[in-house]
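Chemist: The primary structure of each chain is shown beneath.
2 protein chains.
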Amino acid sequence: MGELATLFGPRRVAVVGATDRDGSVGRAITENLLADFEGDVVAVNPTKDEVLGLESHDSVGAVPDVDVAVVVVPPPIVLDAIREAAEAGIRDVVVITAGFGESGSEGARRERELRELATEHDLNVVGPNSLGIMNTGVGLNATFGPENARDGSISFMSQSGAFVTAVVDWANDRNLGFHNVVSLGNKAVLDESDFVREWGEDPDTDVILGYLEDVVDGRAFVESAREVSGETPIVVVKSGRTEAGASAAASHTGAIAGSEEAYEAALDQAGVLRVDTVQDLFDFGSILAGQPLPERDGVAIVTNAGGPGVMTTDAVGDSDLSLASFTDDTVERFQDALPDEANVYNPVDIIGDAPVERFEDALDIALADPNVGAAVVLACPTATLSYEALADSVVDLQAEYDTPVAATLMGGSSARDANERLSQAGIPTYFDPARAVRSLDALREYRAIGDREYTEPETFDVDREAAREILESAARRDTNRLGVEAMDLLDAYGIPTPDGEIVDARSDAVDAAERIAPDGEVVMKIVSPDILHKSDIGGVAVGVPPEEVGDTYEDLVTRARNYQPDATILGVQVQEMVDLDSGVETIAGMNRDPQFGPLVLFGLGGIFVEVLEDTTLRLAPVSEPSAREMLSEIDAAPLLRGARGRDPVDEGSVVETLQRLSQLVTDFPAIVELDINPLVATPDGAQAVDVRLTIDQEQL
Amino acid sequence: MGELATLFGPRRVAVVGATDRDGSVGRAITENLLADFEGDVVAVNPTKDEVLGLESHDSVGAVPDVDVAVVVVPPPIVLDAIREAAEAGIRDVVVITAGFGESGSEGARRERELRELATEHDLNVVGPNSLGIMNTGVGLNATFGPENARDGSISFMSQSGAFVTAVVDWANDRNLGFHNVVSLGNKAVLDESDFVREWGEDPDTDVILGYLEDVVDGRAFVESAREVSGETPIVVVKSGRTEAGASAAASHTGAIAGSEEAYEAALDQAGVLRVDTVQDLFDFGSILAGQPLPERDGVAIVTNAGGPGVMTTDAVGDSDLSLASFTDDTVERFQDALPDEANVYNPVDIIGDAPVERFEDALDIALADPNVGAAVVLACPTATLSYEALADSVVDLQAEYDTPVAATLMGGSSARDANERLSQAGIPTYFDPARAVRSLDALREYRAIGDREYTEPETFDVDREAAREILESAARRDTNRLGVEAMDLLDAYGIPTPDGEIVDARSDAVDAAERIAPDGEVVMKIVSPDILHKSDIGGVAVGVPPEEVGDTYEDLVTRARNYQPDATILGVQVQEMVDLDSGVETIAGMNRDPQFGPLVLFGLGGIFVEVLEDTTLRLAPVSEPSAREMLSEIDAAPLLRGARGRDPVDEGSVVETLQRLSQLVTDFPAIVELDINPLVATPDGAQAVDVRLTIDQEQL
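Chains as they are written, first to last, in numbering that gives the first Met the number 0: chain A, 0 to 699; chain B, 0 to 699.
If we strip away everything but chain A, and leave its shape as in the complex, we get (with noise of 0.2 angstroms):
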């Protein structure tokens, strides 16, 4: 265990503002904490002399060796009665009280001091505005709850009480067991990612759930999240994904959101499975709880009933898993055992009369096939086959493989038994054989994380310095945007961009020409912080022969004046040709997310950008192999390994761009969004064409 041993495993108890008042919130906790708990509880209450039996004491600081305060008094002294725990040298407080952050002004004031304070005296503190905390491995149950969990593996947050009490309530009903329990709160001190720390060090639990409506530090929870997640399996519901649900978030949290995009590309380097409704939380979730890892994706499905087989196919098909290849052995076996009529492939059919050996012989020899990697064990009920010894057999086969299986024994009252006796054996068991390969699919993903391999990202040899340099410059100019004129800032960075200059008078153009291109064309374009499409206004020429470089700067320059007399004109940048035709345009590109800081972008440009939406992005810093990853998940990527007859691009030269461009943002905060746009990937390398970036002053 971590820090937080003494916060879930305490001795000894104490609720500030215990009472016996009926219906009280004080009232509920004392009553629950004495139901199970193994250790002492302790009331505090200057205003009575016996609270349900336990006598009261005046003070928190009266009583010795208290672990844990559970803090249920009136807004108001909160502070007070944590002051005093602190100082009678208790660590661990759970502020049940509302009214702080979440209520006005005042409560926010209030939710400041209590942070300072627990700043302070080092003190670890959930809540406020929390339900509590449960730990059913000592009876530990610090909620006003109306039911206490049952004993098991999964330990569980959330950001809201009242689903905490619902879960809990339905997870009974269905043997469903937590180890820890908590109720975030208002996370004044202690938040997600200090539980997930704590979770991922003990030995007690095996997977953990949350529900978050955000997350408070967005680097920190990857960070932790990133640790845990290869050994402890973490499942995650974000809510406010969408932009109704993140305006209902934020009026009911109050709180500044990263952007759904961010979440989606933070919790999945974090290794977190992130999951969109409740039934896939505790789906996934029991499923880990209770059935080892899949070695390998083909699933084998047995099953009395032909039909639901195929639709229980057509989930594999939906799924990442695939149909087990039998084996030949495998086949003859199932030929063997099998009567004529069954299907010896995959579904395995074995005919609607079949009672519980000919079920048991099929999934024996199924599970012993060295490419099944999962079962999916599929019933109809019929007068031949009875559910409960059929579970038996289930339970005691998957326990001698130790091969994840998961069963749909369709029926109502006829299946109530033996799904209680598959679920208890931690065998997830659904009506919808859809939901139970979904289930084993989690599997998949979840064994998919932990064979990551985390790479650190690459660090290049840049010229920084010359780098702060032009952003220092463009400060001092009192520029936000800056175009073309930032080029060298790639070229500082290491990231190839095509020979070009920028010249402010007609004859330097002319030279500049003639020193890129000798006796070739060129690209020119207008330079100035005002003019932001500079296509839009004619202000890009293209394949500009020697003889017309001298005029067409002239052009440029006019038609800049005419659209924007006041525009500051930097000049015109001539530029070598770079060869569009044999090579792909693709964009590369960052924005800084207020929680979770700079996202790398890529996509491929023009229409995949602006009309299909074709991106994929990564938190900054990107490693190389996450680079990769990018080029291969767009749905374009075809495009980059040569579709259509032509030659592939040079991916490692975009992956690479990727990667100094991660660096750049990562060294400079003050780069607030950066494009690079296009970036020409063709089979000899990629390069950087043109660039548009804001900056923030403040932070340079």
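Everything hinted at is true.
Only part of the chain B face toward chain A is listed, based on derived beta-carbon distances under 8 angstroms:
#1 W169
#2 M310
#3 G316
#4 C379
#5 S412
#6 R434
#7 P637
#8 L638
In short, the hints are calculated from the structure, not lab data.
Ideal placement from N, C-alpha and C gives every residue a C-beta, glycine not left out.
Once you have looked at the hints, place chain B on chain A.
Modeler: Relative to the frame of chain A, chain B by itself:
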């Protein structure tokens, strides 16, 4: 009721093969019939005097006035039994016996004879290989399943008998009732189309549910479903969706299935709500049977718990419903009725201490709002709230407003009674609020189906004879694949093509170019049925100036000869240049599905088809609104509407091309496959620049 009125509502049913042998199917059926059936049950078995207290007759012809014969005799004597029944005037037969089409050539022959017998005597035959049928309206359970269904307004057909037993068992446990239930068996005579049509006319059937692995006659099914689906919702799981599932289905039913894409298009055009899972099938069926349709898309969420409220809002965001905006008046009413801390905007959070009266007030106000089309009542268990009382209020208010409501009373045992009360009143209730919202969204989707106006496909004035002559002349040349030489086929059907001519001499090429583009450039293409990929062998020349036409002619012919010396070369096509730059390359195509006939395809050309597979399909014939939908539903649709600063293309011209193409392929079943690629769409119209088709000479 329709043609199957007697089948489902007989006065006298004979069990042919009735027996009292333990564990036999004949006994199970006789017992099930004796249990609740309002009419008479007659036993037929020449080897018995009495069966289960019934006099046993030697032949079904020996008893007068039998309406339905349920046949359970061994396979070899099934046909005799049916013939006897037919001769006794019985028109409705349920064949339980297996050993027909599903089992070898002997069985297949038997099934063919059964079909002939049915045609000869005009029989309605269910099965063979069926579990039987039920009609709870008259207590008819002519199945050998272990349980009878409860009474309800859902009629359910299933291509899997095992699934019927599972569903009935499960549904009985959940207060879900059925009106009719049919196990379709091998569908030798009566198939899904017959039952859809029957139930569409049945006032006791509110919803039709189906589990199908194939349909017997694709076009007939679409027609009957389209007739019915406007009045009675049809929800179907069509399994074998995925590649793995399709091959499992083929081995299960032995049917040659249509393609998944064809089913998808056909079910959609037929107004069938297609679902992928058993859970959705019954969730959607239940709400469609229990709740009215929403008059608008706005959903009100009323909850005592903020967190679950956010999750529910996310679920609304995921759906095609929207969060209702309340009127000012409604907001004021909430402000008056609710405590200060409440959220009076949607989702309405009435705060954790809400008693049932506050829930009732809030729901009442919400349902009265003119922007609210449906409501979700969402509660977590609290000490102040009685779930049972809440359920009563919800049932009353739902009935009062006749607005659809779904509920999520979270919890386990604490919610059981309340949930039972709600579901008895037809209000769906789930632990996961996402499921409640999904169900409401199914109501919306069905409302949209009901709102569809069916437009008869237009018939254009075309030169059918010219088209026939082109196809027949190809057949005379024994050519199955046609290319640009078939452009005239498009002309005959009024599909715009660039001006062009096929020539077979150098001088004719020069003359043709002079006529088509005096002093301008032309496109030239080799014309050969043996060269499919003209571009790959350099068989296409674009932008040929007048002075090069002659040489280019020679060059193209030489290249073709070099590439394939024995190729039949029909000549060279000289074609008007089409300005690809101002246009969007689209593709209009057709392929013929074995089950559903011609399907018309539309998409953008190039990468959109090849890499992104961004296409859409319709069964021909395609009406104008339907063709217009095709243009709008591809992902790249914005490109047609003028994305990126371009002028929108003339969509009407593309739409008309799709309609005319649809007419062409409907008129000529000999056209097996046809692609117009590219069909160039510009602001001024669409032009078919190239075409390729395959014909089946047998069909001419």
